[in-house]
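Chemist: Take a look at the letters that make up each chain.
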Amino acid sequence: MSASQRDVKTRIGSVKNIQKITRAMEMVAAARLRRAEQRIEALRPYAGAIRRMTRQAAEAAGSEMAALPILSEHDSEDTIALLLITGDRGLAGAFNSQIVRAGLRAAAEHEAEGRSVAYSAAGRRGVSTLTFRGKEPQGQYVGFTDRPSYADAREIAEDLVAAYVDDKIDRVEIFYNGYISPLTQEVRRETLLPLQQATILEAGDDDDDGGEADSAHHSLVEYEPDPEEILKRLIPDYVEISVYRALLESTASEHGARMTAMRSASENAGELIEDLTLEMNRARQAEITQEIMEVVAGAESLT
Amino acid sequence: MAKDRFQVEVLTPEGEVFNDEVEMVSTRTTVGSIGILAHHQPLLGMLEPTELRLYRSDSDVVRYAQGEGYVQVSPDGVLVLVEEAQDPGELDRGDLQDKQRKAEEALSSCDEGTEEHRRAARDKRRWETFLRIAGDGGA
Chain X
22 MSASQRDVKT RIGSVKNIQK ITRAMEMVAA ARLRRAEQRI EALRPYAGAI
72 RRMTRQAAEA AGSEMAALPI LSEHDSEDTI ALLLITGDRG LAGAFNSQIV
122 RAGLRAAAEH EAEGRSVAYS AAGRRGVSTL TFRGKEPQGQ YVGFTDRPSY
172 ADAREIAEDL VAAYVDDKID RVEIFYNGYI SPLTQEVRRE TLLPLQQATI
222 LEAGDDDDDG GEADSAHHSL VEYEPDPEEI LKRLIPDYVE ISVYRALLES
272 TASEHGARMT AMRSASENAG ELIEDLTLEM NRARQAEITQ EIMEVVAGAE
322 SLT
Chain R
11 MAKDRFQVEV LTPEGEVFND EVEMVSTRTT VGSIGILAHH QPLLGMLEPT
61 ELRLYRSDSD VVRYAQGEGY VQVSPDGVLV LVEEAQDPGE LDRGDLQDKQ
111 RKAEEALSSC DEGTEEHRRA ARDKRRWETF LRIAGDGGA
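Listed in order, the protein sequences are those of chains X and R. Residues in the first sequence are numbered from 22 upward in steps of one, following the numbering used here. Residues in the second sequence are numbered from 11 upward in steps of one, following the numbering used here.
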């Protein structure tokens, strides 16, 4: 076997190994994607129940909601907090970079209008990219993007709510990969704070059953403590739920993006193997032809 | 005499943890400890971290370490919505001690009256309660 044939053969071997790895990663991502989808589903009944309770408490309390600090806009918007939700790991196509890009673009817009920007990031990828660019995030949340828990979301939400209520920031925007299907994710930019009253009272897709049954007997309901007090805690829960949902969607999107990226990597490896096999066969054929020619030439010289 | 039973559902953001008929629910609202029996008056209450006990019978009690949440009593049953509901046997003392220490540090480093302060106080109380529950279960 000639040197070039051997080279091609080793390359085929290593491409095959890579293909095995990308196939395995694709399957792992597919399994995790299913679990992430289930977790999005599991949040629905809770979010729906919180929404119904809020409506009930708001009805009982009259219109006291506007007085809550997280619902009121600040007089001037000087500092904007940007929360970028990325993953802890790469190899997922444009998943991480498109979030960072969207965040930096928004930051440039805000800065052009004279506002200062404070970054927060979930996921190692976002934290390290921002730090590398000299924009070290104030809030760094890492180590859970594979399987975010509600407590992780609560930590992020409470940091932001505290900073907002204490007047350190005047507005919070969140950037994440919204999950549409395993093949489709879209970058979403949403305003987290100030919280819009409309988003609380509108009927969301979380309402699996109507609120009519609850309101029929609400006049007899006993409240512990007063409905106003209950509302004061129910409303910040929306921020937590929004962050939690964004984390879950981002996780599902990450696995979806990785699955797609790994599938195309496996396909590319397959094509490469075909090309290389063809090249190897051609080299072998050329060698055989060469040898036959030599034999024929030798035989001719004897006659 | 057997007590009347009623349906109880415990929901967290991570899914349903309990859905069964019980004789009594014992938990704690911001006003104080509360025991809910069948035919309780409709109620909407705000829950504090505590040990949630669901009595299937006097001897068969399901326990959870409960975070902040809400309880709604209606004629159809009781709905408990909590941010966390963990099996007391699965609480990690070391982890809870870390969290409690962090909350205490945060509490001493920020000014009273700020949201940050209120939040740290809330965290501290939650982890202290969970630690107490973990202590009882482990002993």
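Calculated from the structure, these hints are not laboratory results. Take the hints with a grain of salt, since some may be wrong.
[Said to hold, decoys possible] In silico BS3-like pairs for lysine-lysine, Cα to Cα no more than 25 angstroms straight-line:
#, chain 1, residue 1, chain 2, residue 2
1, R, Lys-112, R, Lys-134
2, X, Lys-189, X, Lys-156
3, X, Lys-253, R, Lys-13
4, R, Lys-13, X, Lys-189
5, R, Lys-109, R, Lys-134
6, R, Lys-112, X, Lys-189
7, X, Lys-156, X, Lys-253
8, X, Lys-41, X, Lys-30
[As the list claims (entries may be wrong)] A short list of chain X residues far from chain R (calculated; beta carbon distances all over 10 angstroms):
#, residue
9, Ala-52
10, Ala-68
11, Ile-71
12, Ser-170
13, Ala-172
14, Ala-183
15, Ala-320
We put the beta carbon where it would ideally sit given N, CA and C, even for glycine.
Chemist: Next, verify each hint and record whether it holds.
Modeler: Taking the hints in turn, this is what the structure says about them:
1. R/Lys-112 to R/Lys-134: With a Cα-Cα distance of about 8 angstroms, the restraint between R/Lys-112 and R/Lys-134 holds, given a limit of 25 angstroms.
2. X/Lys-189 to X/Lys-156: This hinted pair holds, its Cα atoms lying about 18 angstroms apart.
3. X/Lys-253 to R/Lys-13: violated, 36 angstroms
4. R/Lys-13 to X/Lys-189: Roughly 54 angstroms separates the two Cα atoms, so the pair is violated.
5. R/Lys-109 to R/Lys-134: Holds - the C-alpha atoms of R/Lys-134 and R/Lys-109 are around 8 angstroms apart, at most 25 angstroms.
6. R/Lys-112 to X/Lys-189: Answer holds: R/Lys-112 to X/Lys-189 is near 22 angstroms, not above 25 angstroms.
7. X/Lys-156 to X/Lys-253: Roughly 34 angstroms separates the two Cα atoms, so the pair is violated.
8. X/Lys-41 to X/Lys-30: Holds: X/Lys-41 and X/Lys-30 sit about 17 angstroms apart, inside 25 angstroms.
9. Ala-52: For X/Ala-52, whose nearest Cβ neighbour in chain R is about 18 angstroms away, the distance exceeds 10 angstroms, so it holds.
10. Ala-68: violated, 8 angstroms
11. Ile-71: Answer for X/Ile-71: violated, closest chain R Cβ roughly 6 angstroms.
12. Ser-170: violated, 7 angstroms
13. Ala-172: Contrary to the label, X/Ala-172 does not stay out of reach of chain R, its closest Cβ about 7 angstroms off (not over 10 angstroms).
14. Ala-183: Check fails; 4 angstroms does not lie beyond 10 angstroms.
15. Ala-320: Correct as stated: the minimum Cβ-Cβ distance to chain R is 81 angstroms, above 10 angstroms.
Hints 3, 4, 7, 10, 11, 12, 13 and 14, counting from the list given before, are not met by this structure.
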